[in-house]
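**Student:** So the chains spell out like this:
Number of protein chains: 2
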Amino acid sequence: MTPGNDAVIDALLAREGEIVERLNALLRIPTVGADPACAGAMQQARALLVSRLESFGLENVQLLDGGGEPAVYGEWLHAPGQPTYMIYGHYDVQPADPIDAWTSPPFEPTVRDGCLFARGASDVKGSTTIAIETVGQFLATEGACPVNIKIFLEGEEETGSPSLRAIVAKYRDLLRSDGVLSADGGRASRTVATVNTGARGNAKLEFSLCTASTDLHSGRYGGAVRNALHEMARLVATLHDDAGNVAVRDFDIDALPLTGRQREDTAAFPFDENAFFEDVGASPAGETGYTTRERITLRPALDVNGMWGGYTGSGSKTVIPAKAHAKLSVRVVAGQDPDRVIGAVRQHLEHHCPSGVTLTIDHIGGASPASTLAADSPMVAAAERVLLTQMGQRAIHVRLGASVPITAIFQEMLGIGTLMFGYNLPDEPVHAPDEFFRMESIGLGLKGWTLLLRELRGTAPR
Amino acid sequence: MTPGNDAVIDALLAREGEIVERLNALLRIPTVGADPACAGAMQQARALLVSRLESFGLENVQLLDGGGEPAVYGEWLHAPGQPTYMIYGHYDVQPADPIDAWTSPPFEPTVRDGCLFARGASDVKGSTTIAIETVGQFLATEGACPVNIKIFLEGEEETGSPSLRAIVAKYRDLLRSDGVLSADGGRASRTVATVNTGARGNAKLEFSLCTASTDLHSGRYGGAVRNALHEMARLVATLHDDAGNVAVRDFDIDALPLTGRQREDTAAFPFDENAFFEDVGASPAGETGYTTRERITLRPALDVNGMWGGYTGSGSKTVIPAKAHAKLSVRVVAGQDPDRVIGAVRQHLEHHCPSGVTLTIDHIGGASPASTLAADSPMVAAAERVLLTQMGQRAIHVRLGASVPITAIFQEMLGIGTLMFGYNLPDEPVHAPDEFFRMESIGLGLKGWTLLLRELRGTAPR
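If you read the protein sequences in the order shown, they are chains A and B.
Residue numbers in the first sequence follow my numbering, run continuously in steps of one, and reach 462 at the last position.
Residue numbers in the second sequence follow my numbering, run continuously in steps of one, and reach 1462 at the last position.
Among the hints, erroneous ones may be present.
[Unchecked claim] Below are the DSS-like pairs computed for lysine-lysine, each with C-alpha atoms no more than 27 Å apart in a straight line: (1) A:Lys-323 - B:Lys-1317; (2) B:Lys-1170 - A:Lys-323; (3) B:Lys-1323 - A:Lys-317.
Don't read these hints as lab results, they were simulated from the structure.
Remember, predicted model here, so these are calculated numbers, not experimental data.
All chains should be built: construct the whole structure from the sequences, respecting the hints.
**Tutor:** Below you can see the structure in the form of structure tokens.
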């Protein structure tokens, strides 16, 4: 594919002004899913998207209702022998508060200095519009898409996707695809080409320690009995060594060793390590022998998320607490079974719990393995070729520290991976006042998505 | 003093039935200080006590009002050259709930099997009546008491003595004495003679750890930053060693070493060690080289009373907490300055807090030294002679694990020690249904208090 020789790209770029107007129409609808007062706006946005998908000639256009804000769906399945990709975007946005902090009103799209300011411009109406307009242009210009397409536009991404599982369960057959191309999850840098190949998974465990049948008076018992908080402290302290290495035996069981390319790519990722720590007033601590980026994306981690016991109100109470509680979670990496990792943590707790102290596992849950796009996945290969064309460089592979809910749900319920291919950039203040999307990203994105769909043609499913 | 040759005792024992009737009159008044509906009863009890003290011929009889339930006061100061003792008792009682669990109504004193059942019979209207009737009998029989007497009957002991400090501050001159003889705090055993010579003191410290300016997402940061809960666990775990010894340097600074007599007396104390632990489902842990009784009465102790941080609600939140908090308290023993002990704990925390973690001491307070009656105190010597007379054995010295509030307040504000000389026994269910006081304790107590006041005559003040 030679740039400048693509009728779809030419047509998209000729229509760029009109596409921006279409984006603006969507941005003017205040689709704040968290605000009940925006229910009408949500409906209005769905109606607009339905009519747009229908105007492209997509078929089976409908709302997929799982009990919350429905998703908008449309398909084009006339590429026999070609793989089928689901294009994911979302039409809901974060609240615009504090409104006063915006330079121009959040739902009146305004261009300043080459940037389009509006709530949702970057996250993610901009990239969503790019993706669906590209599909529409293929049908308009060539009468066909390179691959089969299912468009799925969620209405609850910013509120935690509460009914996404219900939607996927209800419409499982309709949604079957060979992979997801997500307009959400943007570029890591304007100058360094990156492809996201997955994210760490996680699992959770909650436990309690009990040292007596009741809290005891420290005057009567102090110095002679176990204290549940002391025992909790000692037990939690065994989970890591002084340097910050997780000290749980078999904690990294089955974790795939880092490849040379992974380490190179991680090192090449544009990452301001000082800012990473300084922005949040934190200081480094972690597994010996790994860089910060490796620690947060390629290695498993364990964190106690909550710990409590005894008297926590104001003033004091000279009590020897009989019970102490903790919630912990682990991040697991490619190759690991989260249940086995939690099992190792559980064994560690049981092994280190002294006699006279009762350990209770209160809850184990949330197990979700790392999501992974294989390095030789057709989606990764296609994205790499697009980025090579657009940026003239081999894309580095990056992974996220935490899974995106939709990625985990599609992986778990449909068995398919997600390629993140948004065109937003990390310095665009999503979830904050003066959110913007770069105007230049629109043309770049239209070209990129055209190339991506072309590159996916002929690839083996999955 | 030979028993059987004491006119005061003879007169008291001749009046024993009348004295029981006077006790019953007090027991019939439901002086539940915690129950606002009992305000009238509180007033009625005060009126009864005022008239009784006046009938004895006490002078300056009055209510001492510190803003809560007033105390009842009366004095007899006509023994020039003799020491002055304050006799302490209280007229308020615990609530009687659950009423249904009482065999006979809690405010209808009833004798069964040699025991007088009623709320407050053991704690502490019985011993209070014994003490004041003894003073009255001295004045009736001999026209004088062996020593100068100030009677102080509190109305807020069961509700934590909220206005006692205000009363003592307001009536400091009126209350000046050489020591306190408390009718509260009874015998340890029917068969083993004991004298309580003091109690551990205490002090408190509250601190926080901070590892970042905000809670962090464990997906983005997990594995690369410090976690305030991990740091809190590690720090708290340094406070004790594996065996349960406090590992704070200089924690037992200035603690008087145990004497041979202290160890003998502690070993002789009737103490069911198995029941001590089994009753509360606890298991032993503590300082090496000391018995359980020694640990809880003669050695300092440190307990974390509350510890918390991160997400403690239901479900889970994959947060790396930036802040963790703990409240701790220490029990200090004779010879120790609680401020120095807390200073040692503070130094330990500062020394063991790693770089990258901010330690904040949020509060230091409650410092109260151990209360101590010297082994050669005239009050102790007098009590020992009374017990030798009554029980035919040398009394063992015992100490309490925790100070009684009134003891600490009188020590701190008036600089005087308290001898506990009640006649109640530990198997009388105070604070519970079917509270009783042994009828035999009434005659024993009347004799004992008569002997005690006689023994105190001629002792050097303090």
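**Student:** For the pair supplied as a hint, A:Lys-323 and B:Lys-1317, is the alpha-carbon distance within the 27 Å limit?
**Tutor:** 21 Å, holds
**Student:** Sort out whether A:Lys-323 lies within 27 Å of B:Lys-1170, counting only the CA atoms.
**Tutor:** 43 Å, violated
**Student:** Is the hinted pair B:Lys-1323 and A:Lys-317 satisfied, with a Cα-Cα distance of at most 27 Å?
**Tutor:** 21 Å, holds
In this structure, the one hint that does not hold is number 2.
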